[in-house]
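Once you have looked at the hints, place chain B on chain X.
2 protein chains.
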Amino acid sequence: MGTSVTKKAAIIGGGVIGGGWAARFLLNGWDVAIFDPDPEAARKVGEVLRNARAALPALSDGPMPREGRLSFAGTITEAVEGADYIQESVSERLDLKHRVFAQIQQSVSGVPIGSSTSGFKPSELQQGAADPSMIFVAHPFNPVYLLPLAEIVPSVATDAAMIDRVKDMLRDIGMFPLHIRKEIDAHIADRFLEAVWREALWLVKDGVATTEEIDEAIRMGFGLRWGQMGLFETYRVAGGEAGMKHFMAQFGPCLQWPWTRLTDVPEFNDELVDLIAGQSDAQSGHHTIRELERIRDQNLIGFLRVLKERNWGAGRVLLEHDARRRAGADQTVLAEPGPVEFARMTVLPGWIDYNGHMTESRYLFASSETADAFLRWIGADLDYVKSGFSYYTAETHIRHLGEAKVGDALTGTVQVLMVDEKRIHLFIRLLRDGTEVATVEQMLLHVDMAAGKACAAPAAILARVGALRDAHAGLPRPAAAGRAIGVKP
Amino acid sequence: MGTSVTKKAAIIGGGVIGGGWAARFLLNGWDVAIFDPDPEAARKVGEVLRNARAALPALSDGPMPREGRLSFAGTITEAVEGADYIQESVSERLDLKHRVFAQIQQSVSGVPIGSSTSGFKPSELQQGAADPSMIFVAHPFNPVYLLPLAEIVPSVATDAAMIDRVKDMLRDIGMFPLHIRKEIDAHIADRFLEAVWREALWLVKDGVATTEEIDEAIRMGFGLRWGQMGLFETYRVAGGEAGMKHFMAQFGPCLQWPWTRLTDVPEFNDELVDLIAGQSDAQSGHHTIRELERIRDQNLIGFLRVLKERNWGAGRVLLEHDARRRAGADQTVLAEPGPVEFARMTVLPGWIDYNGHMTESRYLFASSETADAFLRWIGADLDYVKSGFSYYTAETHIRHLGEAKVGDALTGTVQVLMVDEKRIHLFIRLLRDGTEVATVEQMLLHVDMAAGKACAAPAAILARVGALRDAHAGLPRPAAAGRAIGVKP
Numbered sequence: 001m002g003t004s005v006t007k008k009a010a011i012i013g014g015g016v017i018g019g020g021w022a023a024r025f026l027l028n029g030w031d032v033a034i035f036d037p038d039p040e041a042a043r044k045v046g047e048v049l050r051n052a053r054a055a056l057p058a059l060s061d062g063p064m065p066r067e068g069r070l071s072f073a074g075t076i077t078e079a080v081e082g083a084d085y086i087q088e089s090v091s092e093r094l095d096l097k098h099r100v101f102a103q104i105q106q107s108v109s110g111v112p113i114g115s116s117t118s119g120f121k122p123s124e125l126q127q128g129a130a131d132p133s134m135i136f137v138a139h140p141f142n143p144v145y146l147l148p149l150a151e152i153v154p155s156v157a158t159d160a161a162m163i164d165r166v167k168d169m170l171r172d173i174g175m176f177p178l179h180i181r182k183e184i185d186a187h188i189a190d191r192f193l194e195a196v197w198r199e200a201l202w203l204v205k206d207g208v209a210t211t212e213e214i215d216e217a218i219r220m221g222f223g224l225r226w227g228q229m230g231l232f233e234t235y236r237v238a239g240g241e242a243g244m245k246h247f248m249a250q251f252g253p254c255l256q257w258p259w260t261r262l263t264d265v266p267e268f269n270d271e272l273v274d275l276i277a278g279q280s281d282a283q284s285g286h287h288t289i290r291e292l293e294r295i296r297d298q299n300l301i302g303f304l305r306v307l308k309e310r311n312w313g314a315g316r317v318l319l320e321h322d323a324r325r326r327a328g329a330d331q332t333v334l335a336e337p338g339p340v341e342f343a344r345m346t347v348l349p350g351w352i353d354y355n356g357h358m359t360e361s362r363y364l365f366a367s368s369e370t371a372d373a374f375l376r377w378i379g380a381d382l383d384y385v386k387s388g389f390s391y392y393t394a395e396t397h398i399r400h401l402g403e404a405k406v407g408d409a410l411t412g413t414v415q416v417l418m419v420d421e422k423r424i425h426l427f428i429r430l431l432r433d434g435t436e437v438a439t440v441e442q443m444l445l446h447v448d449m450a451a452g453k454a455c456a457a458p459a460a461i462l463a464r465v466g467a468l469r470d471a472h473a474g475l476p477r478p479a480a481a482g483r484a485i486g487v488k489p
Numbered sequence: 001m002g003t004s005v006t007k008k009a010a011i012i013g014g015g016v017i018g019g020g021w022a023a024r025f026l027l028n029g030w031d032v033a034i035f036d037p038d039p040e041a042a043r044k045v046g047e048v049l050r051n052a053r054a055a056l057p058a059l060s061d062g063p064m065p066r067e068g069r070l071s072f073a074g075t076i077t078e079a080v081e082g083a084d085y086i087q088e089s090v091s092e093r094l095d096l097k098h099r100v101f102a103q104i105q106q107s108v109s110g111v112p113i114g115s116s117t118s119g120f121k122p123s124e125l126q127q128g129a130a131d132p133s134m135i136f137v138a139h140p141f142n143p144v145y146l147l148p149l150a151e152i153v154p155s156v157a158t159d160a161a162m163i164d165r166v167k168d169m170l171r172d173i174g175m176f177p178l179h180i181r182k183e184i185d186a187h188i189a190d191r192f193l194e195a196v197w198r199e200a201l202w203l204v205k206d207g208v209a210t211t212e213e214i215d216e217a218i219r220m221g222f223g224l225r226w227g228q229m230g231l232f233e234t235y236r237v238a239g240g241e242a243g244m245k246h247f248m249a250q251f252g253p254c255l256q257w258p259w260t261r262l263t264d265v266p267e268f269n270d271e272l273v274d275l276i277a278g279q280s281d282a283q284s285g286h287h288t289i290r291e292l293e294r295i296r297d298q299n300l301i302g303f304l305r306v307l308k309e310r311n312w313g314a315g316r317v318l319l320e321h322d323a324r325r326r327a328g329a330d331q332t333v334l335a336e337p338g339p340v341e342f343a344r345m346t347v348l349p350g351w352i353d354y355n356g357h358m359t360e361s362r363y364l365f366a367s368s369e370t371a372d373a374f375l376r377w378i379g380a381d382l383d384y385v386k387s388g389f390s391y392y393t394a395e396t397h398i399r400h401l402g403e404a405k406v407g408d409a410l411t412g413t414v415q416v417l418m419v420d421e422k423r424i425h426l427f428i429r430l431l432r433d434g435t436e437v438a439t440v441e442q443m444l445l446h447v448d449m450a451a452g453k454a455c456a457a458p459a460a461i462l463a464r465v466g467a468l469r470d471a472h473a474g475l476p477r478p479a480a481a482g483r484a485i486g487v488k489p
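These protein sequence lines are chains X and B, in that order.
Each residue of the first sequence is one higher than the one before, counting from 1 in the working numbering.
Each residue of the second sequence is one higher than the one before, counting from 1 in the working numbering.
Extracted from the complex, chain X is given alone in its bound form (with noise of 0.2 Å):
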């Protein structure tokens, strides 16, 4: 952040892969330069990248960085020029990868080269190269915008230094390397994924089940286990307070019973094809894809956003990637001149009312990421939370000024009216293009948790708000700070 020079990444293929790593760069602040010669590929990146804006700084509670810059090379050695990393995402052909690679390292040395391949080793992909040494796989997952899993294999060959630097850059982007310790065809979750596929042909071709009803049996059931805890950690579960032995003793026989078509693979052949791609327009056919990728990512973002205010799974990756952006961004604001904007949001569609805009409790929402973002310059922060004081929250007077619409973005501003030992009198406002959608004012009390009731704050958070209410001391008190709600006579 801050004073760090900008990064570039080399995306080589901009599919919706190869695009979903690009966007998570750019939105995470690297420059990227995409190789690709379809001509078609600035149209599809561009459609992946305005899905990811419209979706990835949902995930974040602080401001984002300024968006990197985005070019389209006309070669491989002008994408690869300066990158700090390179990733390949190129049609799943060994010899085209093979290809890739050679292009690269005739033109950069010592640059992380990852692949998304979902099948090939990383000793497959190093055959014949110069330097096998930085070649490994980066496997991500669809949409690469938001899911936090990339598979990261090394082979023996690999440069096990270059790889730890490689998973840190990936936290930057606030993913998550999973780092596979052997490698195998298709590494860990295709193994699975292609094992349930097999499985579901069987079923569809058999006639036990539709595409649809294959669907409502994994979402209605295991699906919504399997997002927040695994396979294992849900069995743990399962088999109660006797534990895993227990589970496994109740389960393990099950293996030997013809519970699924073990050894037998369905003919792939038109037949099946149209078979399913019939069942799927039926089932789906009413939405289009790009409805279909936005009512993905939108419950993939509530998914995330839950688990991140429980501290767990995936949700733990998104504030750890938090916390690492707030360190060193929080200097800036007494340079401010007028109210200081302490949070920044884009209105999700799970914000929406029934009216069709923004739902009440949502700007109150929105007004304390604000005060929560200001509390944390303060120096009130989880630390000092976790000391057995905090500042809560008396008595809040919103006025509704504008109706905020999806994909609206919104900026949350803080004016300090008052300050003495026990009390803060904030003026937030909630801003859209500079407009009050919204003013929310606050009275804040200092408290000894454990006593349950009010104290004075300690000296180091008072000078840090009064050096803050000082700033603001020659701003006008907004003429609806104090007003009452009441009927006129």
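A portion of the hints provided could be inaccurate.
[Claimed, not checked] Not the full set, but computed from the structure, chain B residues with beta-carbon under 10 Å of chain X:
no., residue
1, I180
2, V196
3, Q298
The hints are simulated quantities; they were obtained by calculation from the structure and are not laboratory data.
A virtual CB, placed ideally from N, CA and C, is assigned to each residue, including glycine.
This is chain B only, laid out in the frame that chain X set:
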């Protein structure tokens, strides 16, 4: 609801699954009789019920029905007497299930008997039964009180009209009955689970990944996808504009690749059990099973609420369940003597902030839930909004008087202070055990949404809200009404 006679479910087998069924029936207003010879049954069911009471009401946006009466029966005959529905959840042994069915059908006839079996086909369950037509598979997913899926599998001998009645009963307790069209070992979902389980055992046994790494590979990636779309819809989106056929052309050939250990089953011995149990301890052993259950439940509540906000997948099931329950439950409002209770809620972990109390925007959320129920009651419901008119909140004044904590039961009441053609002035109280934790004063404006300005509400709505105002005319005006936030000089 209301005047309907309480129904009775008999639960045979009171383990985690039977207890989960019992909890779902009880919390949805059914009486439940459990038969389980285990002397620990009452304690075990009690623990499931405690979890369920802390979780299931959080999915509802209206008051829950009065909880049914739970009893433990000394015999199967006693348990099933007068039952409208019977669910068998005993151990996965066919001979035992046959004995249970025989005892049931010696006592009652014409009562549906669902089996929680994971693996047996209904035709197997029916072998030797006095009345096969009443026996079928009703396979739920743990935790039964939260996950909506129940796989309903009849055989050709099962009474089809009875199955339709059962599906409606299950919808009444908030479930999603998935009618499986052909009986097959392990139905649908467990075939997928078994395929993944087998592959996972190989990966652990071969040292490719630990249980924790496998769980991360699932929950950081495709697990999140599957909670909201299933397998086929996810891939339809991945196929992009070219659609499902394109996706299958890409992915199809992989079936022939050696990505999974198709033909082989790992030997299930003590060594494998110890390896997995040991890794699971290292991964999750710092949480007790009870803690993991609560974490899981709260995560699932979060996911389900996300989907409910979006009317998608399992969330649609919840919305439809609310609507079912609401029908006919709106009529008793005017009979209440004081401020009217319009909402009941349980404070969830996700509503808690870093101070350990309910986060401030959730007070307004709870108030909005109350006001929305009020608006539905006066006729300003979703259909009314679709006609182009609505009530918008103009101003809100919140006073925080107490600290709501996880698990607190809150009620929201409405007192109507003033009504005119365009405005409603409300005073909402959020109460815990009858004591105010917050008050929320609001001015609502009746709005022509297309014109974007206030206008007179129609006579029907004014009559209804006017009746409530008249009923409240004798109530004392709240001292806090009309107050402003201010700093005393």
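Each hint tested on the structure:
| no. | hint | result |
| --- | --- | --- |
| 1 | I180 | holds, 7 Å |
| 2 | V196 | holds, 5 Å |
| 3 | Q298 | holds, 6 Å |
In summary, the structure agrees with every hint in the numbered list given earlier.
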